[in-house]
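Respectively, the protein sequence lines represent chains B and D. Just so you know, we're using my numbering here: the first sequence kicks off at 1 and counts up by one. Just so you know, we're using my numbering here: the second sequence kicks off at 113 and counts up by one.
Watch out, some of these pointers could steer you wrong.
[As the list claims (entries may be wrong)] Straight-line C-alpha distance at most 30 Å; calculated DSSO-like pairs for lysine-lysine:
{"id": "1", "chain 1": "D", "residue 1": "K126", "chain 2": "D", "residue 2": "K156"}
{"id": "2", "chain 1": "B", "residue 1": "K3", "chain 2": "D", "residue 2": "K126"}
{"id": "3", "chain 1": "D", "residue 1": "K126", "chain 2": "B", "residue 2": "K69"}
{"id": "4", "chain 1": "B", "residue 1": "K111", "chain 2": "D", "residue 2": "K126"}
[Said to hold, decoys possible] What the simulated footprint calls covered on chain D by chain B, stretch by stretch (three residues with Cβ under 8 Å from a Cβ of chain B suffice, anywhere in the stretch; the number is not a length):
{"id": "5", "segment": "148–158"}
{"id": "6", "segment": "206–217"}
None of these hints come from the bench; they were simulated from the model. No residue lacks a Cβ here, since even glycine has one placed at the ideal position from N, Cα and C.
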Amino acid sequence: DAKTTQPPSMDCAEGRAANLPCNHSTISGNEYVYWYRQIHSQGPQYIIHGLKNNETNEMASLIITEDRKSSTLILPHATLRDTAVYYCIVTLEGTGGFKTIFGAGTRLFVKA
Amino acid sequence: NAGVTQTPKFRILKIGQSMTLQCAQDMNHNYMYWYRQDPGMGLKLIYYSVGAGITDKGEVPNGYNVSRSTTEDFPLRLELAAPSQTSVYFCASRVWGLNEQFFGPGTRLTVL
Numbered sequence: 001d002a003k004t005t006q007p008p009s010m011d012c013a014e015g016r017a018a019n020l021p022c023n024h025s026t027i028s029g030n031e032y033v034y035w036y037r038q039i040h041s042q043g044p045q046y047i048i049h050g051l052k053n054n055e056t057n058e059m060a061s062l063i064i065t066e067d068r069k070s071s072t073l074i075l076p077h078a079t080l081r082d083t084a085v086y087y088c089i090v091t092l093e094g095t096g097g098f099k100t101i102f103g104a105g106t107r108l109f110v111k112a
Numbered sequence: 113n114a115g116v117t118q119t120p121k122f123r124i125l126k127i128g129q130s131m132t133l134q135c136a137q138d139m140n141h142n143y144m145y146w147y148r149q150d151p152g153m154g155l156k157l158i159y160y161s162v163g164a165g166i167t168d169k170g171e172v173p174n175g176y177n178v179s180r181s182t183t184e185d186f187p188l189r190l191e192l193a194a195p196s197q198t199s200v201y202f203c204a205s206r207v208w209g210l211n212e213q214f215f216g217p218g219t220r221l222t223v224l
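Next comes chain B alone, as it looks inside the complex:
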């Protein structure tokens, strides 16, 4: 699985968009980008994933660059409850000896 690089921490004002970057320059053509978040000491929670196209769901949007070497998770209107550690993961989809590697992630602080 490709390695990812994320900033260790970011701040965001409540109500504003939070843009969390992730670099994955060694990503291969069939690897997906996944985002999870971990609020306080809870188990991580899936947010969104994508391969090439931008994706949007009720929680967030995922923007993947054309060369797929980086991506951005966007929380359109951040709330205090979005304060969490956000993990960007690049991995193969489907069968096989699949392993997910979680790095240190980005700690997002949403401030009132």
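With chain B held as given, fit chain D onto it using these hints.
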């Protein structure tokens, strides 16, 4: 559905003691995982299983054992507890073909 359940929530062990962390899921997921998370760090994969009777090592398997006799259960065994195994342990599962993992609430283990 209860999702992924873990027991116990908390446990204190003495050095050299053994214990089994229980994990169960009721979603008929093929894949199950055990992670540990040390304070301020990301998750590290201990063991994983792609189905009943099949297990494999992750990044940090030393000092742990697993078994998968049924689809639902994936217990993690610590044989000789050491202070270095003080951590929060998360179990997760996913269905074949998708990489969205569902996490349990975690077990906080302290070895003194």
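> What are the numbers of the hints that this structure violates, sorted from low to high?
Replying inline: Numbers 2, 3, 4 - these are the hints that the structure violates, sorted from lowest upward.
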